[in-house]
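**Q** Starting from the two chains in their separate frames, assemble the complex, guided by the hints.
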Amino acid sequence: MPAHKIIERLKDQFGVAIQRADLPGNGRLFVFVDSAALKSICRFVFRDLDARYVTSIGSDDRPYSDSFLVAHHFAFDRTGLLCSLLTHLTGNPPKVDSISKEVPAANWAEREFRDLLGIEPVGHPYPKRLVLPDGWPEGKHPLRKDVAWNYVPEGYDEDREFAFDEPPEGCMVIPFGPFHPTLDEPAHFRLYVEGEMVRGCEYRGFMAHRGIEKLGESVLTYNEIPMAAERICGICGCVHNVAYAQAVEQAAAIKPPPRAEYIRTIMLELERLHSHLLWVGLACHIVGFDTLFMLSFRIREPLMWMAEKISGNRKTYALCLIGGVRWDFTAELKAELQQVLLKVEQEWRAVVEAVAGDRNLQKRTLGIGVTSPELVKNVGLIGPVARAAGVDIDCRRDHPYAAYDRVEFKVITGTGGDVWSRLLVRAQEVFESIRIIRQCLEKMPEGPLQLQLPDELPIGRMGMSSVEAPRGEAHHFVITGENNRPRRWRVRAPTYQNLQGIPAMIKDQQLADMTISLGSIDPCFSCTDRMEIVDIRSGKTTVYTQEELREMARRKVL
Amino acid sequence: MSGKAIIEILGGLANVVIVLIVAPFFEGVLRKLTARIQSRQGPPLWQPYYDLLKLLGKEDIESGESPPMQRFAVYLSFAAIMTVACLVPFGSHAPANSIGDVLVLIYLLTLCGIATMLAGLAAGSTYSLIGMNREMMSLITLEPLLVVAMVIGAIHVHSFRLDQVLAGSVYAAAGFPWSGLIMLGVMLVSFQAFVQRVPFDIAEAETEIMEGPLMEYSGPKLALFKYVQMAKLVIYSALFVALFIPWGHTGLYPLDVLIHLAKCLVMVLGVTWVAATHARYRMDQAIRFYALLLGISVIALGMAVYGY
Numbered sequence: 001m002p003a004h005k006i007i008e009r010l011k012d013q014f015g016v017a018i019q020r021a022d023l024p025g026n027g028r029l030f031v032f033v034d035s036a037a038l039k040s041i042c043r044f045v046f047r048d049l050d051a052r053y054v055t056s057i058g059s060d061d062r063p064y065s066d067s068f069l070v071a072h073h074f075a076f077d078r079t080g081l082l083c084s085l086l087t088h089l090t091g092n093p094p095k096v097d098s099i100s101k102e103v104p105a106a107n108w109a110e111r112e113f114r115d116l117l118g119i120e121p122v123g124h125p126y127p128k129r130l131v132l133p134d135g136w137p138e139g140k141h142p143l144r145k146d147v148a149w150n151y152v153p154e155g156y157d158e159d160r161e162f163a164f165d166e167p168p169e170g171c172m173v174i175p176f177g178p179f180h181p182t183l184d185e186p187a188h189f190r191l192y193v194e195g196e197m198v199r200g201c202e203y204r205g206f207m208a209h210r211g212i213e214k215l216g217e218s219v220l221t222y223n224e225i226p227m228a229a230e231r232i233c234g235i236c237g238c239v240h241n242v243a244y245a246q247a248v249e250q251a252a253a254i255k256p257p258p259r260a261e262y263i264r265t266i267m268l269e270l271e272r273l274h275s276h277l278l279w280v281g282l283a284c285h286i287v288g289f290d291t292l293f294m295l296s297f298r299i300r301e302p303l304m305w306m307a308e309k310i311s312g313n314r315k316t317y318a319l320c321l322i323g324g325v326r327w328d329f330t331a332e333l334k335a336e337l338q339q340v341l342l343k344v345e346q347e348w349r350a351v352v353e354a355v356a357g358d359r360n361l362q363k364r365t366l367g368i369g370v371t372s373p374e375l376v377k378n379v380g381l382i383g384p385v386a387r388a389a390g391v392d393i394d395c396r397r398d399h400p401y402a403a404y405d406r407v408e409f410k411v412i413t414g415t416g417g418d419v420w421s422r423l424l425v426r427a428q429e430v431f432e433s434i435r436i437i438r439q440c441l442e443k444m445p446e447g448p449l450q451l452q453l454p455d456e457l458p459i460g461r462m463g464m465s466s467v468e469a470p471r472g473e474a475h476h477f478v479i480t481g482e483n484n485r486p487r488r489w490r491v492r493a494p495t496y497q498n499l500q501g502i503p504a505m506i507k508d509q510q511l512a513d514m515t516i517s518l519g520s521i522d523p524c525f526s527c528t529d530r531m532e533i534v535d536i537r538s539g540k541t542t543v544y545t546q547e548e549l550r551e552m553a554r555r556k557v558l
Numbered sequence: 001m002s003g004k005a006i007i008e009i010l011g012g013l014a015n016v017v018i019v020l021i022v023a024p025f026f027e028g029v030l031r032k033l034t035a036r037i038q039s040r041q042g043p044p045l046w047q048p049y050y051d052l053l054k055l056l057g058k059e060d061i062e063s064g065e066s067p068p069m070q071r072f073a074v075y076l077s078f079a080a081i082m083t084v085a086c087l088v089p090f091g092s093h094a095p096a097n098s099i100g101d102v103l104v105l106i107y108l109l110t111l112c113g114i115a116t117m118l119a120g121l122a123a124g125s126t127y128s129l130i131g132m133n134r135e136m137m138s139l140i141t142l143e144p145l146l147v148v149a150m151v152i153g154a155i156h157v158h159s160f161r162l163d164q165v166l167a168g169s170v171y172a173a174a175g176f177p178w179s180g181l182i183m184l185g186v187m188l189v190s191f192q193a194f195v196q197r198v199p200f201d202i203a204e205a206e207t208e209i210m211e212g213p214l215m216e217y218s219g220p221k222l223a224l225f226k227y228v229q230m231a232k233l234v235i236y237s238a239l240f241v242a243l244f245i246p247w248g249h250t251g252l253y254p255l256d257v258l259i260h261l262a263k264c265l266v267m268v269l270g271v272t273w274v275a276a277t278h279a280r281y282r283m284d285q286a287i288r289f290y291a292l293l294l295g296i297s298v299i300a301l302g303m304a305v306y307g308y
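If you're matching them up, the sequences are chains B and S in order.
Mapping the first sequence onto the numbering used here, position 226 (from 1) lands on 226, and the numbers just tick up by one.
Mapping the second sequence onto the numbering used here, position 80 (from 1) lands on 80, and the numbers just tick up by one.
Worth flagging that the hints you see were computed from the coordinates, not collected in a lab.
Possibly wrong hints are sitting among the right ones.
Label-pair restraints from in silico Cβ distances [what the hints assert, rightly or not]: (1) B:359 <-> S:140: 20 to 28 Å; (2) S:252 <-> B:359: 43 to 51 Å; (3) S:29 <-> B:338: 38 to 46 Å; (4) S:29 <-> B:336: 38 to 46 Å; (5) S:17 <-> B:158: 55 to 63 Å; (6) B:171 <-> S:140: 22 to 30 Å; (7) S:2 <-> B:175: 56 to 64 Å; (8) B:356 <-> S:270: 24 to 32 Å; (9) S:110 <-> B:356: 35 to 43 Å.
Beyond 12 Å from chain B on every Cβ pair, some chain S residues (computed) [said to hold, decoys possible]: (10) 3; (11) 110; (12) 111; (13) 117; (14) 306.
All C-beta atoms in this analysis are idealised placements derived from N, C-alpha and C, irrespective of residue type, glycine included.
Here chain S stands alone, though its shape is the one from the complex (with noise of 0.2 Å):
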C-alpha cells in the first residue's frame, strides 16, 4: 500500500472520529438554545451523549414487521453516513479523494434517504407507511438541489474531483458567478429541509404519524438511527461550508478543522433559530416549495453552462 494510499485512510478515519464526537454537541447546542429561545432552561449540553449512551445499554426490542430489513436498514443507514463523512472535508481538503468523486458522494446521501425508506416498510404500520411515502416524495424533489450545486462546481473548476468541487467550486469562474450566488441562496432556504428539522420535518413528524419509520425502534438501534440524524446535521452543514464558505484556511491542520467547525457550528444555529420560529409544513406545500427552488437551479445550471 503506498503512503498515499495510508493518508487517504488516516484522513477519512479522522473525519469519522470528529464527526461522531462533534455531532451529539452539536445537537446539544441546538437544544439549549432552543429551549432559550422558548423560555426555558433546557438540558445541559452533554445530555445527547447521555442520552445516546443510554439507549446503547437498553434491551433491543425487536417488534416490527420484518426485523432483519430493520437491522438492515439501520446499519445500512448508519455505514451511508459514515462513509460520506470521509468523503466531506473538515479542515484540510477532501481526504479520500481516490475512493469516489462527487457522484459517489451524491449516491451516498441518497443511499441514508433509502436506508430510512427501509426502516419504514419494514415496520409495517400504517403511520410508518405514511412516513415512507412521505420520505421517498421529499428524497425525489429535494436531493436534485445539492446534485444540480455539485455540478454548477463541477462545472466551473471542470472536474468531478472531491477536492476541488468541495472548496469553493461554485466560485470558481470569474470571481462571483451568478450561478454560484443564485446556488447560495436556494441552499441556504432548502437547508433546513436536507438536515429534516422544523418545518421539514414532515417525514417522521411525531404529533402526525409519531415519528413515522422510527416508530418500531428501540434501545441500539434507535441509537444508531439517532446518530445519524445528529450526523447528518454536522455533515450536511459541512458539506455547506465547503461549497459555498471556503474562506479563512490558514494551513494549519488543527486549526483549519477549529475553523471549519465554527462555521459549521454557525449553520447549526441558523438551523435551530428556524425550527424554533416555525411550524411544520404539510407534505404537499412542502414539494411545491422545492419545486420551485428546483426550477430556480436548473436555470442556474444553465448559466453556468454558459459561464456566468
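So here's chain B without its partners, still in its complex pose (with noise of 0.2 Å):
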C-alpha cells in the first residue's frame, strides 16, 4: 500500500486526530497524531493495515516544544516504508496511553521510556521495571535533557537485589545466568521447572547498561557517534555504525557517494559471513557436537584476516562517518577477497551437505524452540528468527540501503520455525552473502568516498533507518539538533525483539532445551562490568570491584 493510501485511510478513519503528515521520500513516513487517538490508530496500523512493529520511542522534547514526544515506528514491509506515528505529551508527569495490549511487541520498549524519561504508559499489562536496577529511586529519569550523563541520584543502592515475580505453584525455580557456560554475556532467566519441563520464565536484564544512548545525546558529536555506535555490538557492530550514519543522513538529506555505498555494503556482507559462522559454530558447541564448532571456527578464521587487512581490524571496522566510508579498497585486497571467498565457499558447501542429512543433530534442534508466524507478528520477531517460521522479511530487500538495490539475493525462509530450520536458514544464507559481495566488488564505480559535508546539518530533523544484522533488523533513530550531536538518538538492536519471543519459545518443553532454544535466536545482552587484575611480576591478584573501576576509570589510572 503506498504511502499516500495509508494517510488516506488513516484520515478516513480518524479525522482531526491526523495532525500532520510526513513524505520526506525514500520510503519514510512522519505521522503526528493526537495522543488521546494514539492507541486505536496504532492498533488500526498494526492489525488492520497489517504493519510489522518496529519499536517505540520516548524522547524529552521539552527544551523546543514544551512537552515530550513518543513515537511507535512500524513497517509495511511489502511496501518498503518505515512510518512513525508520533505524538506530544503535555502533561506532567507526562502519560500515555499503553499500546501494549493491543500490540504485545511494544511490551519492553513502553517499559524502557518508562523507566528512562518517565513517560507513564497507561494500562500497561506489565509495569515492572526493565532497565534501571531495582535500587535506582522512584522518579529520576536518566534520559531526561536536565538529568546529566554521569549524574548518579541521591539514595541508589546499587546491591539492592531482583524483586522478583512469585513462581506458577507446583513449579520449581532454576537459575539460569547471570553466569552460564553457554550465556556469554550477563542476563538472568528464572525458569520456572516442573520436573524436567520448562512452565515459564521471568527474565532480567540490562545488568551492563552502558547508557550509550545518553552518551551520545550530550557528550559525543555526530562524527564521534560511528565509533560508540559500533561498539554496542561485539559482533555485529558495523550494523550500528552503518545504520546510525544512515539516520543522520536520511534526516539530513545527505546521500553519500556510490563507491562508499558499496564499500558499506561489502563490509555488512563480511560481517554477516563471520557472525553466522560463528552462529552455527556456538549452536553446535550447545548441543555438544564441538568437531563442527572447531570447523566453522577454522572456516571463518580467514575472513577475520581479511577484515583485519581491510579495516585494520578483526571486529571493530571503523567504517563510516556521516555521509561516507574512511578507507578504501585496493585493487589486491579486492583479488584476495575473491580468493578468500571461494575457499570459503567451497569449505562451508561441504559443511552444509554434510550437515543436511545428520539424524543425530536433528535430533537435537527438529520441533524445539518453535514459533508460530502469528508469534511473529504479535512478538515483532525478526531476522533468521522469523525467516526460519516462514515470514519472508528481509530489509535489505524491503527497506534498501546502502547498495542493496544494485544487487541480487535471494531471500532464505525456512518452514519449521525451529531451530532446525534457523540453523538452515542462516547455512543457507552464507553464500547469499558471498554472492553479494562478489557482485559489489564487480560493479563498485570508482569515486570519492566521502561527500563534502556542510558546516552545520539542518536541526530538528527526524531520520530512521533499518539495517538487516545477522539476528535481523537494527533499527536507529535520530533527531537532530544543535551543538554537531543529534538531540536524541535511539537505538532498537534485533536481540531486544526477538528475547521477548524466549518465553513463548521454551514454554512446554524440556530443560536440556533450553540453552539451544536461547542460543538459536543468536542472543546478544552487552558486555562485562568487572575485572580481574594480575600483577605479573609479584604474581599478585587483585579483584576490583565496580566501584573502584568505575573511579578508576573517571581517574585514568589504569
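**A** Put into C-alpha cells, the structure is as follows:
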C-alpha cells in the first residue's frame, strides 16, 4: 500500500486526530497524531493495515516544544515504507495510553521509556522495571534533558537485589545466568520448572546498561558517535555503525557517494558471514557437537584476517562517517577477498551438505523452540528467527539501503520455525552473502569516499534507518540537534525484540532444550562490568569491584 | 597365607598399576585424535598426566553443601573403580578369582555410579541435583545391559567365576551362539554410554548443567574424579574385550598385556570417533534408546537359556 494511500485511510478513519503527515521520500512516513487517539491508531495500523511493529521511542522534547514526545514505529515491508506515529505529551507527569495490549511487541519499549524518561504507559499489562536497577530511586529518569550523563541519584542502592515474581504453583525455580557456560553475557532467566519441563520464566537483563544513547545525546559529536555505536555489539558492530550514519544522512537529506555505499555493503556482508559461521559453531557447541564448532571457526578465521587487512581490525571496522566511509579497497584487497570467498564457499558447501542429512543433530533441533507466524507478528520477531518461521522479511530487500538495490540475492526462508530451520536459514544465507560481496566487488564504481558536508547539519529533522543485522533488523532513529550532535538517538538492536519471544519458545519443552532455544536467536546482550588484574612481577591477583573500577576509569589510572 | 592368595593379590595390584599408568595415556590419545578430527593441533599425548599432577597439587577448596559427603563420594568412587581393576583380566585370566565373582564386579560398577550421585547430592546446587537425577536414570536403565551380557556368558559356561566368564564366555556354547552375537551388537552401540562420553555425557553436560555432580569439586578431589573417568574408559574397554574379543593370546604374560591393551586402544579410538561426530542426546532420547537395547538383550537372554 503506497504511502499516500495509508495517509488517506488514516484520515478517513480518524479525521482530525491525524494532525500532520510528512513524506520526506525514500520510503519514510512521519505522522503526527493526537495523543488521545494514539492507541486506536496503532491498533488500526498493526491489525487492519497489517504493519510490522518495529519499536517505540520516548524523547524529552521540553527544551524545544515544551512537551514529551512518543513515537511508535511500524514497517510496511511489502511497500518498503518505515512509518513513525508521533505524538506530543504536555501533561506533568507525561502519560500516554499503553499499546502493549494491542501490540504485545511494544511491551519492553514502553517499559523502557517509562524507566528512562518517566513517560507513564497507562494500562500497561506488566509495568515492571526493565532497564533501571531495582535500587534506583523512583522519579529519577536519566534520559531527561535536565539530567547529566554521569548523574547518580542520591539514595541509589547498588546492591539491592531484584524483586522477582512469584513462581506458579507446583513449579521449582531454576536460575539460569547471569553466569552460565552457554550464556556469554549477563542476563538472568528465572525458569519455572516442573520435573524436566519448563513452564515459564521471568527475564531480568540490562545488568550492564552502558547508557550509550545518553552519551550520544550529551557528550559525543555526530562523527564520534559511529565509533561508540560500533561498540554496542561485539559481533555485529558495523551494523550499528552504518545504521546510525544512515539515519543521520536521511535526516539531513545527504546521500553518500556510490563507492562508499558499495564498501558499506561489502563490510556488512563480511560481518554477516563471520557472524553466521560463529553462530553455527556456538550452536553446535551448545548441543555438544564440538567438531562442527571447531570446523566453522576454522572456516571463519580467514574472513577475520581479511577484515583486519581491509580495515586494520578483526572486528571493529570503524567504517562510517556521516556522508561516507573512512577507507578504501585497493585492487590487491579485492583480489585477495575473492580468493578468501572462494575458499570459504567451498568449505562451507561441504559442511552444509554433511549437516543437511545429520539425523543426530536433527534430534536435538527439530521441533525445538518453535515460533509460529502469529508469534512472529505479535512479538515482532525478526531476522533468521522470523524467516525460519516462513515470514518473508528482510530489510536488505524490503527497505533497501547502501547498495542493496543494485545487487541480486535471494531471501532465504524456512517452514518449521524451529531451531533446525534457523540453522538451515543461516547456513544458506552464507552463500547469499558471498554472492552479494562478489557482485559488489564487480560493480563498485570509482569515485570519492566521502561527501563534502555543510558546516552545520539542519536542526530538528528526523531520520530512521533499518539495517539487516545477522540477527535481524537493527533500527536507529535520530532527531538532529544543536552543538553538532543529535537531540535524540534511539537504537533498537535485533535481540531486543527476539528475546521477548523466548518465554513463548521455551514454554512446555524440556529443560535440556532451553540453552539451544535461547542460543538459536543468536542473542547478544552487552558486556562485562568487573575484571581481575594480575600483577605479573609479584604474581599478586587483585579483584576490583565495580565501584573501584568506575573510580579508576574516571581518574584514568589504568 | 597360601602362595595362591599372594599371586592373586599381586595380580590384582599389577592390574591397578596398569590402569593407573595407561588411563591418562588413553585419554591423551583420545584428546589428540579428537583434535585432529576437528582440524586442531591438539595437546601433547602426555597432557593428561600433567593435568592430573597439576590438579593434585592445587589448593583443596571445599565449597559444596556437605564437604564430608563430598570427600566420601570421591574416595568411594576411586576405591570402587580400583577394586574393579583388580577383578578384570588384563592379558592373563582374571587375577583375583577368590575375592569375588561376576556379581561382585557388577555391584562395584554400580557403586561407582552411586558415588557420582552422592557427589551431586553433596554439592547441593540445583544443577548438580539435575545431574544426579540424570545419573540415576541412566544407571537404572543402562547397567542391566552389562548384567545381561555377563549372565549370558555365565549361562553358557555354567559358572559365575570371573576367570571363566571374562574369557569370551558369550560365545562358549556351540561356536557362535546367536545370543552372544546379539549382545555383541547391543554392547557395541551402548559402549559410548558406559564410558559417559558424547553423545551420552548427559549427566555432566557442561553446556547445559555445568558438569552437574562435579561442579563443586576442585584441586586434588577433582583430579581423583577425572582419574576415575579416565580409568572407566580403560576398564570398560578391558571388560568389553574380555567378554567379546578374547582371541590372540600367546601365553607370554607381558606380550599378552600389550595385546590386550592394543585391543582396548582400538575401543578408545572408536569412542573418540563417535564422540567427535555426534551431538549430545537429551535424557529422554537416551532413555528410550537404552530401553530398546534392554528389550533386545532380554530376548538374547531368553535365547541363551535355551542354548542358542
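**Q** Hint by hint, say whether it matches the structure.
**A** So, going through the hints one by one against the coordinates:
1. B:359 <-> S:140: 20 to 28 Å: Holds: the Cβ-Cβ distance is about 26 Å, inside 20 to 28 Å.
2. S:252 <-> B:359: 43 to 51 Å: 46 Å, holds
3. S:29 <-> B:338: 38 to 46 Å: Roughly 41 Å apart at Cβ, these two residues keep to the hinted range, so it holds.
4. S:29 <-> B:336: 38 to 46 Å: 39 Å, holds
5. S:17 <-> B:158: 55 to 63 Å: The hinted range 55 to 63 Å holds for residue 17 (chain S) and residue 158 (chain B), with Cβ atoms some 57 Å apart.
6. B:171 <-> S:140: 22 to 30 Å: At 25 Å between Cβs, range holds.
7. S:2 <-> B:175: 56 to 64 Å: 60 Å, holds
8. B:356 <-> S:270: 24 to 32 Å: Roughly 25 Å apart at Cβ, these two residues keep to the hinted range, so it holds.
9. S:110 <-> B:356: 35 to 43 Å: 41 Å, holds
10. 3: 51 Å, holds
11. 110: 24 Å, holds
12. 111: Per Cβ check, residue 111 (chain S) is outside 12 Å of chain B; nearest 26 Å; holds.
13. 117: 17 Å, holds
14. 306: Holds, since 36 Å exceeds 12 Å.
Violated hints are absent here; each numbered hint is respected by the structure.
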